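Just so you know, the sequences run in chain order Y and G. Residue numbering for the first sequence follows my numbering, beginning at 117 and increasing consecutively. Residue numbering for the second sequence follows my numbering, beginning at 117 and increasing consecutively.
Since the hints were made in silico from the structure, they are not lab data. The model shown is predicted, which means the values in this text are computed figures rather than measured ones. Any given hint could be a false lead.
Chain copies aren't distinguished; within one or between two, either way the pair holds.
Said to hold, decoys possible - In silico lysine-lysine, DSBU-like type, Cα no more than 35 Å apart, as pairs:
no., residue 1, residue 2
1, Lys232, Lys283
2, Lys232, Lys204
3, Lys283, Lys204
Chain by chain, the residues:
Protein chains: 2
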Amino acid sequence: MGLDRVVRPPPRLVFWYEFASTYSWLAAERIEAIAAAAGVAVTWRAFLLGPIFAAQGWTTSPFNLFPAKGRNMWRDMERQCALMGLPKAVRPDPFPQNSLLAARVATAMPESLRPKFSRAVYRAQFTEGRPIADRAVLAALLHDIGDGESARAVQDALTAADAPAVKAALRAATAEAQALGIFGAPSFTTASGELFWGNDRMEQAMAWAEREARGAPL
Amino acid sequence: MGLDRVVRPPPRLVFWYEFASTYSWLAAERIEAIAAAAGVAVTWRAFLLGPIFAAQGWTTSPFNLFPAKGRNMWRDMERQCALMGLPKAVRPDPFPQNSLLAARVATAMPESLRPKFSRAVYRAQFTEGRPIADRAVLAALLHDIGDGESARAVQDALTAADAPAVKAALRAATAEAQALGIFGAPSFTTASGELFWGNDRMEQAMAWAEREARGAPL
Numbered sequence: 117m118g119l120d121r122v123v124r125p126p127p128r129l130v131f132w133y134e135f136a137s138t139y140s141w142l143a144a145e146r147i148e149a150i151a152a153a154a155g156v157a158v159t160w161r162a163f164l165l166g167p168i169f170a171a172q173g174w175t176t177s178p179f180n181l182f183p184a185k186g187r188n189m190w191r192d193m194e195r196q197c198a199l200m201g202l203p204k205a206v207r208p209d210p211f212p213q214n215s216l217l218a219a220r221v222a223t224a225m226p227e228s229l230r231p232k233f234s235r236a237v238y239r240a241q242f243t244e245g246r247p248i249a250d251r252a253v254l255a256a257l258l259h260d261i262g263d264g265e266s267a268r269a270v271q272d273a274l275t276a277a278d279a280p281a282v283k284a285a286l287r288a289a290t291a292e293a294q295a296l297g298i299f300g301a302p303s304f305t306t307a308s309g310e311l312f313w314g315n316d317r318m319e320q321a322m323a324w325a326e327r328e329a330r331g332a333p334l
Numbered sequence: 117m118g119l120d121r122v123v124r125p126p127p128r129l130v131f132w133y134e135f136a137s138t139y140s141w142l143a144a145e146r147i148e149a150i151a152a153a154a155g156v157a158v159t160w161r162a163f164l165l166g167p168i169f170a171a172q173g174w175t176t177s178p179f180n181l182f183p184a185k186g187r188n189m190w191r192d193m194e195r196q197c198a199l200m201g202l203p204k205a206v207r208p209d210p211f212p213q214n215s216l217l218a219a220r221v222a223t224a225m226p227e228s229l230r231p232k233f234s235r236a237v238y239r240a241q242f243t244e245g246r247p248i249a250d251r252a253v254l255a256a257l258l259h260d261i262g263d264g265e266s267a268r269a270v271q272d273a274l275t276a277a278d279a280p281a282v283k284a285a286l287r288a289a290t291a292e293a294q295a296l297g298i299f300g301a302p303s304f305t306t307a308s309g310e311l312f313w314g315n316d317r318m319e320q321a322m323a324w325a326e327r328e329a330r331g332a333p334l
């Protein structure tokens with residue numbers, strides 16, 4: 117026994133999310149449970165859709181550019197939130213919010229803290245309508261989620277967000293997302309670069325990552 | 117017994133589909149089994165996305181206008197076809213195909229024949245790359261699916277497709293779709309006008325129609 121057992125790295129999936137994206141919120145709420153059930157390790161990477169949208173000539177969200185699509189999205193959010201047991205979604209004003217600072221803060225903090233911080237930002241934005249571009253709002257959220265050993269790392273993230281290295285890291289994440297073919301959020305990529313778009317594809321992405329890691333046919 | 121039992125109409129769902137739409141194909145392949153399991157009666161209504169896209173300034177499919185979105189769609193189709201046990205999807209040339217004649221033929225035929233005809237058109241287009249705007253292609257498909265009593269009705273549909281009343285009926289279907297808020301295909305609407313967009317929302321649409329018909333909370 118033993119010789120035929122190869123030690124393989126665990127399945128991994130990158131979760132690409134944009135703080136202004138409603139469906140990224142839904143994905144952030146459920147990805148940890150789905151990943152645990154699938155045995156997949158998830159890396160949370162915030163990125164910006166703005167530059168990617170701008171590259172295809174869009175100056176705002178497609179949900180604003182195409183009103184019927186936007187009306188459907190907000191109605192779908194109501195239904196999805198009810199199905200998921202989440203508070204009723206509210207439309208922040210303006211929509212989309214400027215997500216730059218939140219994305220820099222997430223980039224600046226240790227990866228292990230991102231899920232809790234990111235969900236706090238989404239809930240503040242999409243259930244309370246709070247302005248996530250406001251530094252004081254983010255400071256309050258950071259204060260609420262920091263406890264014990266992590267308190268300092270969490271609170272340092274707002275200062276660290278202004279560092280040139282953090283700004284560069286977020287720009288690099290967005291460039292990498294675009295190079296991977298990402299055009300919307302949430303998206304998921306496997307180690308080999310297989311891309312899945314949308315909260316509705318999360319389960320398939322997990323299954324793909326799991327098969328890919330064990331060398332099974334895809 | 118009996119007095120407290122109200123005779124309710126069966127749950128109904130309208131399936132709005134566009135012949136040039138890849139995800140409408142996937143929906144057409146599975147909707148009958150899903151509807152039977154849910155106890156929902158489905159009305160198949162072909163419509164045209166072209167006029168709806170044109171109204172928002174698009175001259176072709178968003179999968180062509182936005183190349184990253186298009187690449188993802190074709191890759192997603194490969195994965196979805198494999199999961200559903202369908203033949204590998206091929207990209208017809210040109211994409212999208214002109215779907216006007218196929219939609220008129222579907223409109224002209226008895227509703228009971230539409231599922232079989234529509235799937236034949238989708239498979240010819242998306243697994244064999246045949247040109248569905250070609251009258252001879254549609255004639256051959258109609259010949260293949262017509263049998264017994266339905267043969268005449270099926271074959272008459274190609275002639276009937278040119279009738280002013282059929283052209284008007286298809287224009288009316290497209291106008292009704294737009295009035296219902298439809299902006300993409302496939303879409304599903306319940307008796308009350310609740311709109312669901314996308315093959316991925318089919319199950320939710322069925323469940324909604326079922327609850328709506330029995331007067332359950334939505």
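Comparing the hints with the structure gives:
1. Lys232 x Lys283: Cα proximity of Lys232 and Lys283: one copy only (21 Å, versus 56 Å across).
2. Lys232 x Lys204: The answer is within: 20 Å in one copy meets 35 Å, while 41 Å across copies does not.
3. Lys283 x Lys204: within (33 Å within a copy, 43 Å between copies)
Violated hints for the displayed structure: none, as all numbered hints are satisfied.
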